[in-house]
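S.K.: Sequences are here, hints too, so could you generate the full structure?
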Amino acid sequence: MAPRRGGGGGRGGSSSPSKCSLNNAFSSPYDKITIAFFAVFLVIDFLLLMVAWSKLVNQKRGRPAARWGLLISVFLMVFIHAWDIVFITLNECAVTDYDLYPKVQLVSVYLELFAIASLVGVVAVWICKRLHQAANMSPKLIAIFHGLWVAAFAGFYFIAVCIYAAVIAFQTSSSSSSRTRRRLAARLSKAWNGVMILAAVILLLGMISTVFNLLISRSRCAALKSSSLRKHIPLLAICSFCFGVVVLIRQVFSYRVRWSGPMDDNWINGYFAMQFLQMFFYSTTFLFALLAAASPALLDWDKVPAAHIPVQQTPSYAFSSTQPNQSQQHVQAPLIQPSPQSSPQQTYPAVPTPQPYSHYPTYEPYSNQTPAPPQQHQNPPYH
1 MAPRRGGGGG
11 RGGSSSPSKC
21 SLNNAFSSPY
31 DKITIAFFAV
41 FLVIDFLLLM
51 VAWSKLVNQK
61 RGRPAARWGL
71 LISVFLMVFI
81 HAWDIVFITL
91 NECAVTDYDL
101 YPKVQLVSVY
111 LELFAIASLV
121 GVVAVWICKR
131 LHQAANMSPK
141 LIAIFHGLWV
151 AAFAGFYFIA
161 VCIYAAVIAF
171 QTSSSSSSRT
181 RRRLAARLSK
191 AWNGVMILAA
201 VILLLGMIST
211 VFNLLISRSR
221 CAALKSSSLR
231 KHIPLLAICS
241 FCFGVVVLIR
251 QVFSYRVRWS
261 GPMDDNWING
271 YFAMQFLQMF
281 FYSTTFLFAL
291 LAAASPALLD
301 WDKVPAAHIP
311 VQQTPSYAFS
321 STQPNQSQQH
331 VQAPLIQPSP
341 QSSPQQTYPA
351 VPTPQPYSHY
361 PTYEPYSNQT
371 PAPPQQHQNP
381 PYH
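Residue numbers (UniProt numbering): 1 to 383.
Keep in mind the hints are simulated off the structure, nothing from the lab.
Values in this document were obtained by computation on a predicted structure and should not be read as measured data.
Treat each hint with caution, since some may be false.
DSS-like mimics (lysine-lysine), calculated; alpha carbons at most 27 Å apart, straight line [stated by the list, open to error]: (1) LYS103 with LYS32; (2) LYS103 with LYS190; (3) LYS231 with LYS140; (4) LYS55 with LYS231.
M.R.: As structure tokens, this is what we get:
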């Protein structure tokens with residue numbers, strides 16, 4: 001996505017009737033490179049779409065929840081490549097107006113936003129969450145954290161796309177002078193470049209976090225080391241990181257080539273190299289994300305809580321009319337039969353009632369001694 005130099009105007013379809021001849025059509029080598037890139041990755045992404053459909057939809061063992069994110073992402077990329085090939089060809093053959101192609105290109109620009117955001121969301125949120133669940137780490141925390149930065153990346157990317165649409169509108173507008181249009185387009189292109197750089201930086205930082213979480217969760221789970229994920233996860237981490245780096249570098253080249261500074265062959269060659277690498281690392285990231293999402297080792301963790309967390313059940317004491325077997329009789333006998341030691345009841349003597357306090361000696365009912373009569377107090381005789 002990059003605004004082209006200059007303003008509007010140009011040629012119409014009727015002014016070049018022989019443009020599609022071999023001598024005139026695609027005379028520029030850069031046009032040939034662009035359409036060749038789109039054609040190659042149209043075939044590659046279409047094959048990936050077929051593989052994804054067979055693994056994610058027609059799979060009998062299980063269907064991962066992230067299947068629609070992957071399918072939508074690669075389907076949009078196939079549509080984008082086909083759309084660009086058609087309208088580049090029409091533009092080179094002068095079938096369409098010269099200013100129509102930048103407007104038509106907005107469709108592929110908006111769709112590319114959803115395609116990249118869908119793939120990044122599956123890798124950073126769903127796959128990292130499942131790996132953390134397998135490693136018994138913190139799946140909900142990583143899903144929330146990665147979901148926030150994916151939303152931030154998609155939000156700034158969408159703002160940049162809207163600014164890009166405004167740049168195209170000023171470039172192709174004829175309501176004002178060319179000088180005014182160039183000045184407004186230059187200001188908007190700087191804003192577009194700044195917002196797009198910010199989105200690319202957020203993507204790169206998020207991919208670094210994704211790579212760390214992919215590798216650390218794989219190293220802490222012994223079950224993942226013995227499955228096919230032991231190879232897919234490191235390759236997915238490498239491709240994801242390279243994709244984030246290439247998106248940032250391509251934006252720098254795109255702004256330099258399309259708007260800022262004089263046209264230089266080195267910058268142009270670098271821009272096309274970054275464009276190829278971005279398509280390549282998108283396809284490889286999608287491939288390894290597909291293999292990881294469809295892996296049985298990752299799908300089997302849907303039943304982990306029921307299999308690994310024992311549930312202590314309360315024994316039932318309900319009587320049944322069926323005859324229990326010998327082992328059941330041995331276990332239930334103490335629960336339903338009274339103890340033989342508790343049948344005879346032992347009698348105890350009655351407890352005597354408490355007597356009021358007296359200074360006379362008390363009579364003990366179980367004593368054989370008769371209490372002595374109380375002594376009479378005699379007054380001493382008077383002398």
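S.K.: Among all the numbered hints in the text so far, which are the ones the structure does not match?
M.R.: none
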